[in-house]
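Residue numbers for the sequence shown, in my numbering: 667 to 756.
None of these hints come from the bench; they were simulated from the model. Fair warning: this is a prediction, and the values are worked out from it, not measured in the lab. Don't take every hint at face value.
Distance condition first, Cα-Cα at most 25 Å in a straight line; then the derived DSS-like pairs of lysine-lysine [claimed, not checked]: (1) LYS682 x LYS717; (2) LYS672 x LYS731; (3) LYS682 x LYS672; (4) LYS682 x LYS731; (5) LYS672 x LYS717.
Simulated restraints, written as ranges between beta carbons of each label pair [claimed, not checked]: (6) SER704 x SER734: 15 to 21 Å; (7) GLU754 x GLU715: 35 to 41 Å; (8) ALA755 x SER706: 39 to 45 Å; (9) SER704 x THR668: 33 to 39 Å; (10) HIS698 x ALA755: 15 to 21 Å; (11) LYS672 x ASN732: 28 to 34 Å; (12) GLU754 x ASN732: 15 to 21 Å; (13) GLN722 x GLN689: 15 to 21 Å; (14) ALA679 x GLY719: 17 to 23 Å; (15) ALA756 x GLU699: 31 to 37 Å.
A virtual CB, placed ideally from N, CA and C, is assigned to each residue, including glycine.
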Amino acid sequence: FTLQAKGTGPVDAVAKALSEHIQQDISVVDYHEHGIGSGSEAIAVSYVEMKVGNAQPVFGVGQDKNISRAAIKALINGVNRFLTMQREAA
667 FTLQAKGTGP VDAVAKALSE HIQQDISVVD YHEHGIGSGS EAIAVSYVEM
717 KVGNAQPVFG VGQDKNISRA AIKALINGVN RFLTMQREAA
């Protein structure tokens with residue numbers, strides 16, 4: 667399937683698309699990134715703290731050679747953690 671949304675940047679757009687998909691408000695509370703290695707072999711790592719609905723904050727981590735993709739992977743990881751916690755609590 668494909669998700670689409672518009673935002674002020676890739677992180678905001680993906681957060682909005684995921685929010686629509688799971689039908690819960692998602693807000694990014696904190697975001698950090700750094701690189702591992704150097705040159706063409708460097709890997710970007712993104713850390714996202716987010717609130718989903720009224721639940722406790724969840725964290726997501728993503729890594730990729732591309733910083734935008736690392737951030738998107740971190741958002742998806744955080745949403746997956748949220749959904750897993752919801753499933754386990756039910």
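Those earlier numbered hints the structure runs against, lowest number first:
7, 10, 11 and 12
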